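Order-wise, the sequence lines are chains A and B. Just so it is clear: in the first sequence, position 107 is 113 by the working numbering, and no numbers are missing. Just so it is clear: in the second sequence, position 76 is 77 by the working numbering, and no numbers are missing.
Do not rely on the hints blindly, as some may be mistaken.
Claimed, not checked - Derived DMTMM-like pairs: lysine to aspartate or glutamate, alpha-carbon spacing no greater than 25 Å straight-line:
hint, chain 1, residue 1, chain 2, residue 2
1, A, Lys214, A, Glu203
2, B, Lys125, B, Glu62
3, A, Lys10, B, Asp147
4, A, Lys257, A, Glu203
5, B, Lys73, A, Glu125
6, A, Lys202, B, Asp147
7, A, Lys214, A, Asp23
8, A, Lys91, B, Glu120
9, B, Lys137, A, Asp212
10, B, Lys118, A, Asp84
11, B, Lys137, A, Glu24
12, A, Lys171, B, Glu120
13, A, Lys202, B, Glu62
14, B, Lys118, A, Asp98
15, A, Lys101, B, Glu146
16, B, Lys125, A, Asp98
17, B, Lys137, A, Asp266
18, B, Lys118, A, Glu125
19, A, Lys156, A, Glu125
20, B, Lys125, A, Asp84
21, A, Lys91, B, Asp72
22, A, Lys91, B, Glu144
23, A, Lys171, B, Glu123
24, A, Lys22, B, Glu120
25, B, Lys137, A, Asp84
26, B, Lys118, A, Glu206
27, A, Lys22, B, Glu123
28, A, Lys265, A, Glu239
29, B, Lys118, A, Glu239
30, B, Lys125, A, Asp19
31, B, Lys125, A, Glu125
32, A, Lys202, B, Glu146
33, B, Lys125, A, Glu203
34, A, Lys101, B, Glu123
35, B, Lys125, A, Asp104
36, A, Lys158, A, Glu59
In case anyone wonders, no lab produced these hints; they're calculated from the structure. None of these values were measured; they are calculated from a predicted model.
The chain contents come next:
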Amino acid sequence: MNFKSRNIVSIWDFTKDEVEFILDSAEEMVPIARGEETNTALSGKILATLFYEPSTRTRFSFESAMKRLGGSTVGFADPSGTSFKKGETLADTIKMVDAYSDVIVLRHPQEGSARLAAEFSSKPVINAGDGAGQHPTQTLLDLFTIRQAKGKIEGNKIVFVGDLKYGRTVHSLAYALSMFGPELNFVAPETLQMPKEVVEHVTACDTKVCSGNKLEDFINDADVVYVTRIQKERFPDEAEYQKVAHIYQIKNTLLQNVKDDLIIMHPLPRVDEIAPEVDKTPHARYFEQAFNGIPVRMALLKLVLGVS
Amino acid sequence: MKKEFKVTPIQNGTVIDHITEGMALKVLKILHITGTGKSIVSVAMNVPSEKCEMKDIVKVEDRELEPRELDKIALIAPNATVSFIRDMEIVKKHRVNLPDMVDGILRCSNPNCISNKSEPVEYKAVVTNRDPLTLKCYYCDREQEDVVGNII
Numbered sequence: 007m008n009f010k011s012r013n014i015v016s017i018w019d020f021t022k023d024e025v026e027f028i029l030d031s032a033e034e035m036v037p038i039a040r041g042e043e044t045n046t047a048l049s050g051k052i053l054a055t056l057f058y059e060p061s062t063r064t065r066f067s068f069e070s071a072m073k074r075l076g077g078s079t080v081g082f083a084d085p086s087g088t089s090f091k092k093g094e095t096l097a098d099t100i101k102m103v104d105a106y107s108d109v110i111v112l113r114h115p116q117e118g119s120a121r122l123a124a125e126f127s128s129k130p131v132i133n134a135g136d137g138a139g140q141h142p143t144q145t146l147l148d149l150f151t152i153r154q155a156k157g158k159i160e161g162n163k164i165v166f167v168g169d170l171k172y173g174r175t176v177h178s179l180a181y182a183l184s185m186f187g188p189e190l191n192f193v194a195p196e197t198l199q200m201p202k203e204v205v206e207h208v209t210a211c212d213t214k215v216c217s218g219n220k221l222e223d224f225i226n227d228a229d230v231v232y233v234t235r236i237q238k239e240r241f242p243d244e245a246e247y248q249k250v251a252h253i254y255q256i257k258n259t260l261l262q263n264v265k266d267d268l269i270i271m272h273p274l275p276r277v278d279e280i281a282p283e284v285d286k287t288p289h290a291r292y293f294e295q296a297f298n299g300i301p302v303r304m305a306l307l308k309l310v311l312g313v314s
Numbered sequence: 002m003k004k005e006f007k008v009t010p011i012q013n014g015t016v017i018d019h020i021t022e023g024m025a026l027k028v029l030k031i032l033h034i035t036g037t038g039k040s041i042v043s044v045a046m047n048v049p050s051e052k053c054e055m056k057d058i059v060k061v062e063d064r065e066l067e068p069r070e071l072d073k074i075a076l077i078a079p080n081a082t083v084s085f086i087r088d089m090e091i092v093k094k095h096r097v098n099l100p101d102m103v104d105g106i107l108r109c110s111n112p113n114c115i116s117n118k119s120e121p122v123e124y125k126a127v128v129t130n131r132d133p134l135t136l137k138c139y140y141c142d143r144e145q146e147d148v149v150g151n152i153i
């Protein structure tokens, strides 16, 4: 399977076989990501990281991934000191960075920016989040985490809980999971339910879907619970936010009758959706999930640079 | 009985018939016919029709429009037919056929799409369904709302 020079813009651009190939490649990267083995496959290669929006895990893990493979990075974590402030278009910035690097990672507040960047770059562009649009490497690391914990993705009952309306990670993940055929349960207050088009798409892919608003009705049968933060900034007014804020809080008392091998995931950062006491239970997978960003991004960097 | 024409036949040029009623001005907009050229342009709106209750008609004299350009009007007038006229005879008929990708004639209905910012790109949309018509923005992947209202 050849990924050389390919852009990683949307999870929709991948087939199931391609996703599985990436996850297999990421598996091989784990000892290097942990620092147990050394590898210089990307020595001499430069990754440009253009982060027009704040990021902790995504930026750090891309930089760590590149450096673990012997490559180096250039870029910015805040556009205020760049030509962006002088009104430079993204297209012009990309044409310039194209000459300075071998692969470009972009996070940008406008949806569609990664697709546009790919048009102006001769080097592969990896989307690290474009507004409320796509964040394909997050989706891949989520799939990797489920497969790693459960041995396979299909056959699991996966509960999504929290802000399912605005959270970009849950939309992309639901689409991606529909390739594999697990059962999906969507738990959210009425105003934050999964958008109709996502439900229609996954249902059309023969994925069994159930929706509700009480986590207690779903959690005891679940194999995976994927929690998202209810994002205050998405609400038009404070009163609307307060109606649903803090509605789901996972504490140890809620986990008394769950399956022994239930895993709890969260793209992070969390606020109060998961109590810190849960971190010590065997169910907590969110920090492992955050770590998995490194092997998955290592695999992608190697693949798009055509380095075996 | 003498047949009365609401819009008189043309000697040479292009006739776009069976335009969805009320859409003639949008058709002109898509085809960038602004009235500033030398061609005589006739527009008839809400004309009684046998095929459908009402239709619009556009006639552009002394100019044969490009079929590829004309196909774009299928966005708003999927049943339109185009006739090319030479010496008052129809020399060619063309039924509009929407291309798989539409470019340059719309703006994305997502205000936060990068194509709505000051970038040097023309908007592109992928036709995901023809009946009913659904378009997806090439850049932001969003399904497009209010296609007619977003014609540039």
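These are the hints, each one checked on the structure:
no., hint, result
1, A:Lys214 / A:Glu203, "holds (15 Å)"
2, B:Lys125 / B:Glu62, "violated (30 Å)"
3, A:Lys10 / B:Asp147, "violated (39 Å)"
4, A:Lys257 / A:Glu203, "violated (32 Å)"
5, B:Lys73 / A:Glu125, "holds (23 Å)"
6, A:Lys202 / B:Asp147, "holds (18 Å)"
7, A:Lys214 / A:Asp23, "holds (21 Å)"
8, A:Lys91 / B:Glu120, "holds (15 Å)"
9, B:Lys137 / A:Asp212, "holds (23 Å)"
10, B:Lys118 / A:Asp84, "holds (20 Å)"
11, B:Lys137 / A:Glu24, "holds (23 Å)"
12, A:Lys171 / B:Glu120, "violated (29 Å)"
13, A:Lys202 / B:Glu62, "violated (48 Å)"
14, B:Lys118 / A:Asp98, "holds (13 Å)"
15, A:Lys101 / B:Glu146, "violated (32 Å)"
16, B:Lys125 / A:Asp98, "holds (20 Å)"
17, B:Lys137 / A:Asp266, "violated (43 Å)"
18, B:Lys118 / A:Glu125, "holds (16 Å)"
19, A:Lys156 / A:Glu125, "violated (38 Å)"
20, B:Lys125 / A:Asp84, "violated (30 Å)"
21, A:Lys91 / B:Asp72, "violated (41 Å)"
22, A:Lys91 / B:Glu144, "violated (31 Å)"
23, A:Lys171 / B:Glu123, "violated (30 Å)"
24, A:Lys22 / B:Glu120, "violated (34 Å)"
25, B:Lys137 / A:Asp84, "violated (31 Å)"
26, B:Lys118 / A:Glu206, "violated (31 Å)"
27, A:Lys22 / B:Glu123, "violated (32 Å)"
28, A:Lys265 / A:Glu239, "violated (34 Å)"
29, B:Lys118 / A:Glu239, "holds (22 Å)"
30, B:Lys125 / A:Asp19, "holds (17 Å)"
31, B:Lys125 / A:Glu125, "holds (12 Å)"
32, A:Lys202 / B:Glu146, "holds (15 Å)"
33, B:Lys125 / A:Glu203, "holds (21 Å)"
34, A:Lys101 / B:Glu123, "holds (17 Å)"
35, B:Lys125 / A:Asp104, "holds (23 Å)"
36, A:Lys158 / A:Glu59, "violated (34 Å)"
Violated hints, listed in ascending order, are 2, 3, 4, 12, 13, 15, 17, 19, 20, 21, 22, 23, 24, 25, 26, 27, 28, 36; each of the other numbered hints is respected by the structure.
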